[in-house]
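Peer 1: Using the hints, build the complex out of the two chains.
First to last, the sequence lines map onto chains A and B.
In case it helps, this note's numbering puts the first sequence at residues 1 to 90.
In case it helps, this note's numbering puts the second sequence at residues 1001 to 1403.
Treat the hints as calculated values from the structure; they're not laboratory data.
In this text, all values refer to a predicted model and were calculated from it rather than measured experimentally.
Note that CB positions come from ideal geometry on N, CA and C, so glycine has one too.
Errors might be hidden in some of the hints.
[Claimed, not checked] Only some residues are given here: those of chain A computed to face chain B with a beta carbon under 7 Å: (1) Ala-10; (2) Glu-17; (3) Val-23; (4) Gly-30.
[What the hints assert, rightly or not] Below, a sample of chain A positions facing chain B; criterion: calculated Cβ distance under 8 Å: (5) Pro-8; (6) Gly-11; (7) Arg-15; (8) Trp-21; (9) Asp-28.
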Amino acid sequence: MLELRPLPRAGLVLRREHDDWAVLFDPDTGSGFGLDPVGIFLWESMDGRRRVADLLEALRGHFAQVPSQVADEVQGFLRELQERDLIQLL
Amino acid sequence: MKTSSPEGRWPLRTLYAYLTEGCNLLCRHCWLAPRLDSSGGERPVLDPGLLAEVLRQGRELGLESVKLTGGEPFLHPEIARILDLVRQEGLQLALETNGTRVTPELAAAAARCLKPFASVSLDGADDASHEFVRGVPGCFEKAREGLRLLREAGVRTQVILTVMRHNCGQLEAVVRMAEELGAGSVKFNVVQPAERGQAMHRSGEALSVRELVELGHRVEHELSTRTPLRLHFSYPMAFRSLRHMFHPEDGIGCSTCGIFRILGLLADGSYALCGVGSTVPELLFGQATTESLARVWLENPVLQQIRQGLPERLEGVCGRCLMRRRCRGACLAQNFYSTRSLWAPYWFCQAAEEEGIFPASRLVEAPRAWPRRPRPPTESSVAFGRRERRNRCRSTRPRPWWT
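In isolation and in its complexed conformation, chain B is listed as follows (with noise of 0.2 Å):
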């Protein structure tokens, strides 16, 4: 049954719990960049009495799931008794792991949640590509199998990889290694220009928006004909075709800030707005161990203003996108790192328009080229066919996802 905040209006839907400041791998887009902690000794891990305590908070405030993440997770001493915690307050887990040190047991104990989902980085098809991106010999076997692992336990697995200059030729590969491991999804991510990602887009190991907008296009409209997996591309969702953001199964979960119904707890028992925090003071917003979870999220300052501004005050084309109260400027915190300020444009947004490529369908203004000569449907477009009758019942029925 599900609770509600006492105010009703912001309610806390999902914790990240960011475990542990360090991490095993040494991953060369990482937007946090932890320290190596290749033993999970050696770096300051959230206390499992602090969690249960923030988590029971949760729950007054109408918190459903939690997701678990880093750092790397595995990588907490006390990650069996977490799992067992997420279980015991009955929320929904996910966890972000890089997959090396899930074992039987831990899977297990993940399985034992409620609808356990787990995302499992695996940044190239072949061991070279996802440990030049990972940096650390051995860890593409163990990625593997810890996936594996998961999945047998009966968590639900997706793979994430991150798209770069040095990966993109494998995107195809990677799918067909999902497929073989029995993953559900694939999810390709951007490198975002923050932390050692910052530094990808400086040396152009990371992709140009050109680039990336023409590679998202071909997942959506050519490799996702391929699979039976779902596969979700985050570019914004300014990019995103119609036909996918209106799929039942994909609809507009990712490439959108969440920060309306969701909060970050850091290693060191901080609230953050997602793991910024870490390197954003500015956007911690309190200490767990002294401060009430509901005091934090219904007044803190920061995020009242969040909730107060967003989207209206957005600038630049986020403000004048027709996505813009679903996208919400799509990741508030990497605006923020950019920037110092949260009502920026998303980088990837912004750099498409510089180049003329933001898509001129998704702006509030009328484009200078209206009125295109339409052009006709093609037949496959306009058949009912098998793929088609999927989406019959709601394809006659416009719906207004961004009024």
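Extracted from the complex, chain A is given alone in its bound form (with noise of 0.2 Å):
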């Protein structure tokens, strides 16, 4: 999984709220995901080229305490978003 280069499906647009979260929005579906400031950052980073422990050094290196299973969280994250068909993992 580390290896791996998460990839976003074109189209879908992230919709930042008046907080610091946001919703990640499908106009093929009309479906729309609630993402945290990580989902966010984690989102924004992904463009088909960064490995997923490329993405994880970047979080580590943005977020201040960030906890020591994160690996397991990302990649919990990241397969749900392969599973709604929302990324690829390259």
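Peer 2: Right under this line is the structure:
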């Protein structure tokens, strides 16, 4: 998993809200997903070139007090995005 | 152990039992407007024997909880027997009360039920404010005492305040009072434009939607950070911050129409969509004295129409809202009361859209302003601090709460 490179599906729109969360909107299905600040950071960092390991490193550099199990959480997050056809893992 | 309905698909989870037609207070915002009944013997009340039969039938449909409301539930002359019925059926108990008629014995009876919970209305932080809203002198101290008795008996308690122009400056003071009384949460309701509440909207005593949205955001983002109590501001889901919506203890429970799992039983034995049947006869579904609960719940044409039509048939902004599958039009009873249509948009959301303040990020169609320039996250928002840690496990997992 750590060597895979996540690529967001084209056409998805990240809608930021009045606080620090966002709605990830899928115009094709009219569905939305709530993302917290960590999810937003990851979403905006995915470009099909960066590996999951790179995302984790970037996340650790960007946030304070990152918990030890963050790698598992991020991989779970990415798997769910993949299951919902929101990203590809290259 | 849970039971399921014969068909399984539409279990009835909660019965709202409107125990009394009368009420001992005269709240200026009441959406039901019951007649004054100071002593509890002047207006019709629900037959406890009938309620017992309905609860028994309800168990076969999957009934898990009952909410006792009114009128005023503690005005019922046989409330002790009714509390015992709920206990005997093993149902979770919720009480919606003005608190003025709670006694230590009744509080203890409530506490013996499964997961007892009571919402006590306190519409101001002092007697003058509360009694201006509630219309009867002396009810403030009685309400406080009622809440205290319930809490001391072991009932989980909540303070409910209906926000209006008269008390909108007292929200923090009411939260402090709730802390002092030992309540676990505070819920802020908005004045619904029905019955007496409708008059408040006409006179300007009710707040505008713009004022309510601003107040709700202040409660969610400022006031909630200054109290250990859970605060819930009852504006529609489209206006609630995702942070609050995802909170494991806050969730979506309120501000959604519960019609898929809730049925009302009025004091005269009528089944209805919540209590609105007392003023909207089209939303009466039958009589408990003559019809089986299963027949009403599973076969009533209006209920079937609602199940088939929600949320797809919702109109206006509600039909275009990302939250529609969860929110279900916020309150079908209110929507029907206002328009005589089950599919009409919720008045709050419609007014917000007309004013241009409906959250664009919650609409299905692409808002005109997209893509907006992203804001950089603030330092506090990106830190895995103490408050973040509680949400950490879910924080990196999106949840499809409105697909």
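Peer 1: Look at each hint and say if it fits the structure.
Peer 2: Consistency of the hints with the structure:
no.	hint	verdict
1	Ala-10	violated, 14 Å
2	Glu-17	holds, 5 Å
3	Val-23	holds, 5 Å
4	Gly-30	holds, 5 Å
5	Pro-8	violated, 13 Å
6	Gly-11	violated, 11 Å
7	Arg-15	holds, 4 Å
8	Trp-21	holds, 4 Å
9	Asp-28	violated, 11 Å
Hints 1, 5, 6 and 9 from the list above are not met by this structure, while the remaining hints are.
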